[in-house]
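Engineer: What follows is each chain in one-letter form.
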Amino acid sequence: MTDVAQSGPAPRIISAVLGSPALRLIVKRLLTAIPILLGVSILMFVLLNLLPGSAALQLLGPQATPEQIAKLNDELGFNRPPVQRYLEWLGNFVRGDLGKSIVSKQPVAQVLPEKLAVTGELVALAFVISLGVAIPLALWAARRPNKIFDRISGLFTTAGLSLANYVLALLLGLAFAVKLPWFPSFGFTSISKGLGNNLYSLFLPAVALAFPLLCFYARFLRSDLVDQLQGEDYVMTARAKGLGPWRVLLRHAFRNSSFGLITIVGLNISTLIGATVIIERIFALPGIGAYLLDGILTRDYTRVQAIVMIFALITVLANLAADVLYAVLDPRIRYGSN
Amino acid sequence: MSSAVLQVEDLRVRFDQPGYRVHAVNGLSYQLQAGRTLAIIGESGSGKTVSSRALMGLLPPTATVTGSVRIDGVELVGMPEDEMRRHRGTDLAMVFQDPTRSLNPTMRVGTQIVESVGAHNKEIDSAAARQRAMELLALVRIPDPQRRFYQYPHQLSGGMRQRVMIAIALASDPKVLIADEATTALDVTTQAQIMELLTELRSRLGTAIILISHDLGLAASYADEVIVMYAGRAVEYAPTRILFGQLRMPYTRALLDAIPRLERPSHSPLPVTPGQPPDLTALPPGCPFEPRCPRAQPVCAESRPPFVEHEGGHWWACWNPCTDGDSV
Amino acid sequence: MAVTEVRGSSTPTVDDAPPPAPAGSAAWRRNFQIAWPAALLGLVLFACFVLPFLAPIPKPIGGSVLNSLLPSFSPGHPFGTDPNGNDILSRVLYGGRTSIMVALAVNLIGLAIGGGLGAIAGHLGGIGDSVIMRLFDVLIAIPSLALIVAVSLSLGPGVRNTILTLAFFSVPAFARIARAETLRLREQPFMVAAKLSGTPMWRVVLRHIAPNVGPSLMTFAMLGLGVVMVIEGALSFLGLGIQRPSPSWGNMIADGQLSLSGTPNLVLWPSIALFLTVVAFNQLGEGLRSRWSGGR
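Protein chains in written order, with my numbering: chain X, 1 to 338; chain Z, 339 to 666; chain F, 667 to 962.
Don't read these hints as lab results, they were simulated from the structure.
Quantities reported herein were computed from a predicted structural model and do not represent experimental measurements.
Ideal Cβ placement from N, Cα and C applies to all residues, glycine included.
One or more of the hints may lead you astray.
Quick look at which bits of chain Z chain X covers, simulated, 3 or more residues with Cβ under 8 Å [what the hints assert, rightly or not]:
(1) 387-399
(2) 422-430
(3) 441-449
(4) 453-466
(5) 480-493
(6) 504-518
Working from the sequences, and respecting the hints, build out all of it.
Structural biologist: Quick look at the structure:
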């Protein structure tokens, strides 16, 4: 086994990615991400700074005297031209200085890592739960379309899609924290007190977050699998080989459906992060969503601006990662087409 | 006379949809000897593809298959799916029309052949399965099998993909290979190469071949016997030489006339059979071809002509067959 | 000598049965798919918009504290009362009115602006298309709830601002769909004909694109109504949407949250109302989608 061609797939993937269509795609997508992020920053700046209702007025309340307002505006630097302020803000942001919270005077960048860690863990757990349940559910349903299991899971996921996650969060809390005291109804246990305790404290919020996604993934995957099983010729080839139904389903239909699923999962990061705002509040988790909501309720513009930018950054990067993963996994893109 | 490897008797397939029923195959019978090629010819909707999928048990759940399909004496019709699966690949294998769509685009071609090798040979280890897959690639005359093994379908040409499909089909030494329009999607040169390959493999491996096509020319060149199907029934059958020596069915005649020919004066219009194949949800009482037939007579609309052997080895179903003078 | 033997069917085919199954069961099922959510939606709309005029239902605000926190199924208060003595049924109905009107307004704005811009972008192609769609990419890059929350901070709470905020977020989705459909249409012969005959753009968009893009946009709007109802609830839940004492399902759920274990009816009734309404919108959207795609 000295020949590269004989030594199997691994070296070929590496050599193919370097200088391949996939790499070009990644670079191209990275380049388009930059104007989008700039656009987001400008939009947020305009929304938060230039719309009626000045920050100072909001902060001081309606009883504030014009002198107080002028003084605060001066302190916050709101008197300088907007373009200059934006460029300053952008320059600081790129260097990692996210500004100081107007309310607590604390640098936002300082508290961000621990908040991001909590939210990151919550989101990751939600993805694991949603995919971990949705994939087996969809496979089982697609195995015998329109039979009893498929019908029941279809009904269940349809209903689940219409259930608001905050309602679900409250119901879960009522059922599994109050009536049956199995889980804590709120609060967060740090990972330093053990991974088990940590995951335990995140379980209910993660389920509330995961449930609508779970239903969505299960429905998407089930219908894609059924389409493949009924419409694709290579599925017919696989059956004609004499392969068993599960093998056809897993190695052929699911393998190809999983590419679509990756894209969907990448797009959902944005929805999921948005939803943490409300779920973290209900379960009193010290994550970035709750931190953002706090900033909004206290009119802390610097904080809101910084966090929305971070959210956008994560969203764009997640979509990029999904694209790249897709390109690396799908051989038609990895090797280009003839 | 040696015994047939495949015996099909009174095969019927219907599709039940809410409110209507499609009679796709209505009593098809034939036998096939090892190492022989049978061509089944017809327009789309004639039942040729449906009948071959029925042999494989690959029809959707809406289909009902009756009659008898025996392979080496084993009855396949009505066999439970789990058991049927064991006969796919080993007894019957199939090559489909479009090699671009019938190979999994996200799987290396080698893996797809290995999978076929392993489907009926659970004990084989992966090195041996790979060895066998390489051999199969060489068998179907794919140059440089060591390299091709690791490639994906989109990196191969159409003809090469169809060779891979044939390798997959041959992995478990099937007794009967069904080529369902296997060359239709290919260009003429590649088509000839694939047909030569199939013919060569047939004589080397002794596999019987069912050639499903709309192309009478293909049948004339490569088949030992030809069945012409119309509206789910056989309407003419004969050994190839006899059939093309003296066509009897006006329908077969029409199919043949629709092929462009060099000796025809240039720019003369091709004779086209007017009309559509009959509605399979409500077949007429008479000959199904009667509405389109240039030789139709009153009797044709009233009762269906029986499919019987009129001359030595030559069967047809027609009240008013073509005479020798009309034949090619 | 024939090696392969062919035999005709021994007996003439007896077509064994007339067409099976009650005719039109598929059509019935398709109608049912649209009929039940439509009926449910009709029921919700009737209850929210008509019932308060017909039945002796108290006002949603200004209740007496003497009647506070009555349990469900109390005489005169079938859903019970809240801590201020307001009738919960009445608050659910009036809150639904606000929620449904907000959702309708948001989707109408999204449909008009987003659908229009998307159709124009798809029709223009080239640079115009790129500019419009890149702008929407920017909006889509921001997690929707974070964007909505930030905009609502700028605009402040209240019904009008809630509508504006949510519309801001729904525009890009409509635009994407309208654009995709327009691109699909662009290659159609009648579009090419319109272009070649020099039909002005507004006329092409209005007379050719709109009627063809309409069905998928309407379907999406149905699904969008459900989404907007949920998000409006979330905003009100966070105190950024409909302001108290005006009832909305979101702020009712938020208010009831604090005493969830003691008086779950405060949360349950608006939650059930929200769920049923969203189910109706979603299923109606799904039903319409399968009908349109079946017809294509």
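Engineer: Could you run down the list of hints and mark each one as holding or not?
Structural biologist: Outcome of the hint check:
Interface restraint, the stretch 387-399 of chain Z with chain X: holds (3 residues with C-beta to C-beta distance below 8 Å; minimum three). Coverage of a stretch by a chain is defined here by at least three residues with a beta carbon nearer than 8 Å to that chain's beta carbons; for the stretch 422-430 of chain Z and chain X the count is 6, and the condition holds. Under the rule that three or more residues need a Cβ within less than 8 Å of chain X, the assignment of the stretch 441-449 of chain Z holds, with 6 such residues. Here the stretch 453-466 of chain Z counts 4 residues with a CB under 8 Å from a CB of chain X, which clears the bar of 3, and the coverage holds.
Taking a C-beta to C-beta cut-off of 8 Å, the stretch 480-493 of chain Z contributes 6 residues in contact with chain X, enough for the three needed, and the coverage statement holds. Figure legend: the stretch 504-518 of chain Z, annotated as covered by chain X; annotation consistent (4 residues with Cβ-Cβ distances under 8 Å, at least 3 required).
Of the hints listed earlier, there is not a single one the structure fails to meet.
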